[in-house]
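**Student:** Sequence lines, in order, name chains A and B.
Okay, so the first sequence: first residue is 911 according to the working numbering, each after it adds one.
Okay, so the second sequence: first residue is 154 according to the working numbering, each after it adds one.
Calculated from the structure, these hints are not laboratory results.
Here are the simulated SDA-like pairs of lysine to any residue, each with C-alpha atoms no more than 25 Å apart in a straight line:
hint: 1; chain 1: B; residue 1: Lys-517; chain 2: A; residue 2: Arg-1133
hint: 2; chain 1: B; residue 1: Lys-523; chain 2: A; residue 2: Ile-1132
hint: 3; chain 1: A; residue 1: Lys-1076; chain 2: A; residue 2: Leu-1047
hint: 4; chain 1: B; residue 1: Lys-523; chain 2: A; residue 2: Gly-1127
hint: 5; chain 1: B; residue 1: Lys-517; chain 2: A; residue 2: Gly-1127
hint: 6; chain 1: B; residue 1: Lys-523; chain 2: A; residue 2: Ile-1126
hint: 7; chain 1: B; residue 1: Lys-523; chain 2: A; residue 2: Ser-1136
hint: 8; chain 1: B; residue 1: Lys-523; chain 2: A; residue 2: Phe-1134
hint: 9; chain 1: B; residue 1: Lys-517; chain 2: A; residue 2: Ser-1136
hint: 10; chain 1: A; residue 1: Lys-970; chain 2: A; residue 2: Leu-1246
hint: 11; chain 1: B; residue 1: Lys-517; chain 2: A; residue 2: Ala-1152
hint: 12; chain 1: B; residue 1: Lys-523; chain 2: A; residue 2: Ala-1130
hint: 13; chain 1: B; residue 1: Lys-523; chain 2: A; residue 2: Arg-1133
hint: 14; chain 1: B; residue 1: Lys-517; chain 2: A; residue 2: Ala-1130
hint: 15; chain 1: B; residue 1: Lys-517; chain 2: A; residue 2: Asn-1149
hint: 16; chain 1: B; residue 1: Lys-517; chain 2: A; residue 2: Trp-1129
hint: 17; chain 1: B; residue 1: Lys-517; chain 2: A; residue 2: Ile-1164
hint: 18; chain 1: B; residue 1: Lys-517; chain 2: A; residue 2: Val-1158
hint: 19; chain 1: B; residue 1: Lys-517; chain 2: A; residue 2: Ile-1126
hint: 20; chain 1: B; residue 1: Lys-517; chain 2: A; residue 2: Phe-1134
hint: 21; chain 1: B; residue 1: Lys-517; chain 2: A; residue 2: Leu-1131
hint: 22; chain 1: B; residue 1: Lys-523; chain 2: A; residue 2: Trp-1129
hint: 23; chain 1: B; residue 1: Lys-523; chain 2: B; residue 2: His-546
hint: 24; chain 1: B; residue 1: Lys-523; chain 2: A; residue 2: Leu-1131
hint: 25; chain 1: B; residue 1: Lys-517; chain 2: A; residue 2: Gly-1145
hint: 26; chain 1: B; residue 1: Lys-523; chain 2: A; residue 2: Asn-1142
hint: 27; chain 1: B; residue 1: Lys-539; chain 2: B; residue 2: Gly-524
hint: 28; chain 1: B; residue 1: Lys-517; chain 2: A; residue 2: Thr-1135
hint: 29; chain 1: B; residue 1: Lys-539; chain 2: B; residue 2: Asp-494
hint: 30; chain 1: B; residue 1: Lys-523; chain 2: A; residue 2: Gly-1145
hint: 31; chain 1: B; residue 1: Lys-517; chain 2: A; residue 2: Asn-1142
hint: 32; chain 1: B; residue 1: Lys-523; chain 2: A; residue 2: Asn-1211
hint: 33; chain 1: B; residue 1: Lys-523; chain 2: A; residue 2: Phe-1213
Some chain B residues close to chain A (C-beta under 8 Å, calculated; not the full set):
hint: 34; residue: Ile-460
hint: 35; residue: Gly-479
hint: 36; residue: Pro-492
hint: 37; residue: Gly-497
hint: 38; residue: Val-501
hint: 39; residue: Gly-503
hint: 40; residue: Leu-512
Here a beta-carbon is modelled for each residue, glycine too, at the ideal position from N, C-alpha and C.
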Amino acid sequence: MLPFNVRLERRMDFPWWRNALTPFLSVLAALIVGGAFLAIEGFNPITVYRALFDASFTSKFGITDTLTLATPLILTGLAAAIVFRMNLFNIGAEGQLYLGAIFGSWAGLTISEGLPTILGVTVVLIAGAIGGALWALPPALAKAYLGTSEIITTLMFTFIGLFLMKYLIFGSNSAWRDTEVANFPQGRKIPPEARFEAFGNTRLHWGLIVAIGIAIGIWALIRFTSLGFDMNVVGSSPNAAAYAGIPVRRTVIIALLISGALGGLAGATEVAGRAFALDPNGLELGIGFTGIVVAALARYNPFAIIFVATFLGGIRNAGLALQSLPGERVPVEVSLMLQGAILLFAIGGEVFGNNRLRLTRRVTTADAIAEATA
Amino acid sequence: MTTPAIAAVAATKRFPGVLANDAVDFTVFAGEVHTILGENGAGKSTLAAMLCGLYQPDEGHVERNGEPTLLRSPRDGLAQGIGMVHQHFRLVDRFTVAENVILGDPDQPRLIDQSVVETRVAEIGERFGLPIDPRARIADLTVGQRQRVEIVKMLYRDAEVLLLDEPTAVLTPKEVEALFITVNAMTAAGKAIVFISHKLGEVMSISDRVTVMRAGRVTGEVATADTDQRHLAELMVGRPVESETRRATAKSGQADVLLECRGLTLSIDGQNAVDDVDITLRRGEILGIAGVAGNGQRPLARLLAGIDGCDAGSVAVNGSSVTNHGPLAARNAGLAFVPEDRLGTGLVPGLSLTDNMLLTRPRKFLVDRKGARREVGQAITDYEIKTPGTEAHARLLSGGNSQKVLLARELASLGTEDGPQVIIVSSPTRGLDIGAAEFVRGLLHEARERGAAVLIISEDLDEVRSLADRVAVLYRGQIALQGRTDDLTIEQIGLAMAGVSADDDVGASPAEVAG
Ligand SMILES: Nc1ncnc2c1ncn2[C@@H]1O[C@H](COP(=O)(O)OP(=O)(O)OP(=O)(O)O)[C@@H](O)[C@H]1O
Ligand SMILES: [Mg+2]
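Produce the complete structure using the sequences and hints provided.
**Tutor:** This is the structure we're talking about:
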């Protein structure tokens, strides 16, 4: 056992520069640790990072691909942020995304045809948002009325959503499945009217603009509306909310539904912008879970989410590019490891940003209890 | 003269936008009680926090027995025999007294012998007049008893310097007497005591010396032998203070009833916390609810304000029934409520003053921050609230200043069409300096003059008697006694608070007054 106790003391002051600096330092630390691993594996970290940066951010198709990957991450990041800041932990954006894709592609297949593109796409998005919100509804009701932990329910619903999506394509001759292709089961393509228009000859599509617009909308919701205000109060002081007559249950339910709708929108933009069909393999990428990382790194700030999503999108994008690095074939796992390291350091940064580490002489067990209960 | 047990030497502490302590010199000798007196936000708690290690001075330092010392945490403070009793207790509810006492004590052996601890707790209790059952659970103790546990905890660790931050604010007069016996026993045992209070009578009777602070600076130091209350008040506020209570008698009789409850009952854990309570409150009247803490004041206030639902009975505000319709219905009917728990219920600690001003405002689609900011600005001027600005978090305000913000919000637009008609205030002047207390009493009287009805709930009997036209005593959730303040003697009220029935002796019977 160590001859001293390690303990965390809550800091009493919160200067803005520390809030702003922490995410950067976290990412830097992650890159250093990742670099150490690369070095052990015999790669030159500088070369790899430069290639990574180039592949994701500085080359034309690099940056557009990165932004394409960032688009759904912005939305799932917002989905996590809007409720996490209220201490409501909807970790099921992943499942809400699948439902958004299911609803969105259904609408695209059945309603959009013949409509002007702008309407056709809007229909897909609205249906996706409804699907995601519906998927968040049972956990929201259980939370508000039974006090059931939303962490568990939203996670369980994620798996139900995943298997539902797979069943619709692989397990049945549903309306989503393209029955004309015999060899490998795949989703029926939505008509062009239901698809986002791309920018030039890139893969980047209008979904990015929609996602940014929604980020601004969420910021305005939190900042300017009474609903956003009530959400703040419910999140930071339920007693004060009850005193003020804020309908706590309703606010919790609405917040979770908005969160679910954002997750659903992420699924719908993927369908309308990238997959053009209900495509289980193309959707099961952990976009919903990564949204949690995005939200945490962005400290739940909608604008910061746009940048963090772009950054993480770039790291994902680089994973593919790295494999074709001339001379240095870096495994795709490196980008996954980097992402994990960034998450770890982001959480660590949060802890050390709010607390101060202190080493003290080892004392008794009673002491430990005091610490735990203080 | 000997060296002081503890001293602050030119200690300066800054918070964003505030100079909380400005080169403060302060000494306490063994065997004396030294009081820090000052307006809300003067920097008293900050000074005490530096002396016990909770904060570190930005400039200057702390000396213990004449030696400069660095206290990096309250634990360092305790290791050097310095202990602080905060106004918000830091006890674990589910643990027993003995368990709480040894919690976090670095000198405890690895295997704790419960009986040794219990014996020592009992010994300390005996010696310093702090009777307490070491096996009682904190959750079952009254506020006064919990405070005793905090003090025992410090004495158990052989604290030689004790800092008591507004200890009497939460005590009944009887408990204050008991605390003072303890304080005297501690000074007799050579301990040095730092005492903080806004109540000048207490300050005069318990302390040897008084240091007066204003806006972070020490403005004077006097021996209590050389001063009196009036002089202290002047030192503190910087101008003569009217110390007379000015309770004008209410206009009699038949004004309209603004608040009425009948047979109000709420049971908590199988016991009637509020038991068949009838209250009738008329326009232009102040009713004071007296009682020992924990006799149903809190649940009663919450029922009347619509926060909790009742099991039986009815509440009507301004003629409309709001029974079990929630706090919004009560507020829309014209009721304003200032809860006892300021930070956490009345105010949201993590939100700005501007946002806190919006908490009980009617909701439109968009929030009106501009208007709220203006209101906060106005309140800062009117109520002399000390804050770095309208966007400061409520958490950062001193105790008295947060109370002022809350009152400003709830009493806003008083006397106008949409202003409150019925005002329920828990402990209106608790934690306020005398200037601010005077100001709040003035406000409540003004509210009454303007035709509002005021219900004051307080454990401070003097406060109730000086403000209220009528007094009702709550005992075990029931109204044990009710009558005009002038018709009731302090003894009658005291007996009713203690649960001794005295219906026959009272001039006005409850029924008569209620009707
Ligand atoms: N942690 C903090 N961060 C920022 N400002 C603070 C903090 N603690 C206190 N202050 C400010 O410092 C000033 C002094 O506060 P302090 O709590 O010492 O006052 P006080 O004399 O104890 O007042 P009261 O009688 O109302 O309790 C106040 O203006 C307060 O707002
Ligand atoms: Mg204070």
